[in-house]
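A.B. asks: Here is how the chains run, residue by residue.
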Amino acid sequence: MSIRAEALTYIYNEGTALEQKALDNVSFEIPDGQFVGLIGHTGSGKSTLIQHLNGLIKPTSGKIYYNGSDICGEGYRLKDLRSKVGLVFQYPEHQLFEVTVLADVCYGPRNLGLSEEEAAERARDALSLAGMKEKYWNQSPFDLSGGQKRRVAIAGVLAMQPEVLILDEPTAGLDPMGRDEILEQISRLHRQRGMTIILVSHSMEDVAEYADRLMVMNRGRLAFDGTPRQVFEHYRELEEIGLAAPQVTYLAYALREHGLDMRTDVTTVKEARDAILELAGMKGKR
Amino acid sequence: MIREITIGQYYPIDSVLHRMDPRTKLFGTMVFIVSLFIADNIWNYVIATVFLAAAIRLSRVPLRYMVKGLKAVLFLLLISVSFNLFLTEGEEIFRIWILRVTKEGVRTAGFMALRLIYLVVGSSVMTLTTTPNQLTDGLEKSLGFLKKIHVPIHEISMMMSIALRFIPILVEETDKIMKAQMARGADFESGNLIQKAKSMVPLFVPLFISAFRRATDLAMAMEARCYHGGEGRTRMKPLRYRRRDLAAYLTYALYLGCMIAARLLPAVLDQKIRWL
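Quick mapping for you: the protein sequence lines, in order, are chains A and B. First residue of the first sequence? That's 1013 in the numbering used here, and the numbers climb one at a time after it. First residue of the second sequence? That's 10 in the numbering used here, and the numbers climb one at a time after it.
It should be emphasised that the hints constitute simulated quantities derived from the structure, not laboratory data. Just so we're clear, the structure is a prediction, and the values are computed from it rather than from any experiment. By construction, the Cβ of each residue, glycine as well, lies at the ideal position given by its N, Cα and C atoms. Wrong hints could be hidden among the right ones.
What the hints assert, rightly or not - Just a sample of chain A residues kept apart from chain B, beta carbon distances all over 10 Å, derived: (1) A1017; (2) A1019; (3) G1027; (4) Q1032; (5) D1036; (6) N1066; (7) K1075; (8) G1080; (9) N1150; (10) E1175; (11) E1181; (12) D1192; (13) Y1247; (14) R1248; (15) E1249.
What the hints assert, rightly or not - In the BS3-like style, the derived pairs of lysine-lysine whose C-alpha atoms are separated by at most 30 Å in a straight line are: (16) A/K1070 / B/K207; (17) A/K1070 / B/K80; (18) A/K1033 / B/K207; (19) B/K188 / A/K1145.
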């Protein structure tokens, strides 16, 4: 059970003056239940890559396997794939269209051919999962705040009950509190339901806190692939491609340069705090 | 999928035609269109072909890219060709059931097809080499005399450039919403007409909402920059004719002259023969 990509290449507007290579020979495998952070600068090919994973774009060359079967193969039912690999686009609240929140979330399950009751059942489930309070369910989605609209849109994808959830910058344009709540919700889906998560972001802090694995894209290529610690060791190369390691990584390196025996593999504020306390403790000042 | 519509889209390269003043190109397109309507013999079409081929060559836009635009009018082309082919009276060549194909029919149908193709390709030469903004600037300047009779030409051209500017944005937006709904299992292709129309609701509602949102945002941004219409407004890049434009106008005159001469040629020859 996994997603596997082999030598994916995708070219926009092939054969014209506007030709652009969005993906260049990208290969990877994502096993079940992993939390993957996909990062890269704007235009690095992240969004193109994730659209391949549920068959919205066909690769120019290369193959994608979901649970061992080729999704570009003849007779493969893309509709089934899309119910298993849920994709939440950037600013997903722009796709809302129904009269009530509940009806909007029912749209996905109804497309799967479920009955009205089953669809509503799933929608209620998904709305609770996404943290929407019941009092909002019969309101118009257009009357909600930005953060709430986004939850409804995410619920719209969760109602398909996917095995893999891909989110493209789910926190873009939200205030810090909304951002933490959404990320916490996603992390809960991962921990409690064992969902495979692919989180696209360019905030290193967000990704470092939750992901087991980081994939870094640069100009259509996979530049780094490893645990957050392994990837952030390359913080100088990351800067060259317009990204940066979390701020605490810089702090750790700076402390080390000043002759302190600081660990440099810290990626979150909490880890940094512990490491600094440990350092201070060793000097007997705890 | 819908990104493939190429008719009238700017093709960003550098060529003599790209650098030419938009007024020159507008006028040239008009001359070309008029000339197609006075064309009625083979010589006319030979001259028009040479003119169009030269323009395409100068624009350096691949021919394949221009022909792609024809897909949009293919249906119209087929209908008008078949009407002309089967319904023109004259000397019969052959007939299938009640459909008579005449010599005159073949001639008109052929010319009609050429005329339509040249119309589309000719105007795409202009739109492929001119950005929408240049185009409306050109229109505003060329139609400036209408201001004297209180036609709000600046406002009209501003509306046009905004509309043109928003086409690619809305196309992209449609593509995005379509994909987002497809990720939720939407199916825009199968089913009968009513089902298809129904399946468009989840596409059009968000699209309209986003169009209105963009419109209010844009209005706000324009007001914030003190936009108040055309009165007393100056340009950063004023349009100015250069030598290549003069050369172009001379070419147009020559071309139009040749076309008129070619059109009159058969009649003149006819008369000469009668005189002799």
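A.B. asks: Hint by hint, note whether the structure agrees.
C.D. replies: Going through the hints against the structure:
1. A1017: holds (18 Å)
2. A1019: Correct as stated: the minimum Cβ-Cβ distance to chain B is 24 Å, above 10 Å.
3. G1027: violated (8 Å)
4. Q1032: holds (12 Å)
5. D1036: holds (20 Å)
6. N1066: violated (6 Å)
7. K1075: Given a closest Cβ separation of 21 Å, the condition holds.
8. G1080: Its Cβ never comes within 10 Å of chain B, the nearest being 22 Å, so this holds.
9. N1150: holds (18 Å)
10. E1175: At about 14 Å from chain B, A/E1175 clears the 10 Å cut-off, so the statement holds.
11. E1181: Nearest chain B Cβ is 13 Å from A/E1181, so the label holds.
12. D1192: holds (25 Å)
13. Y1247: holds (33 Å)
14. R1248: holds (35 Å)
15. E1249: Check passes; 32 Å lies beyond 10 Å.
16. A/K1070 / B/K207: Measuring from Cα to Cα gives roughly 27 Å; hence the hint holds.
17. A/K1070 / B/K80: With a Cα-Cα distance of about 23 Å, the restraint between A/K1070 and B/K80 holds, given a limit of 30 Å.
18. A/K1033 / B/K207: Violated, at about 36 Å.
19. B/K188 / A/K1145: holds (28 Å)
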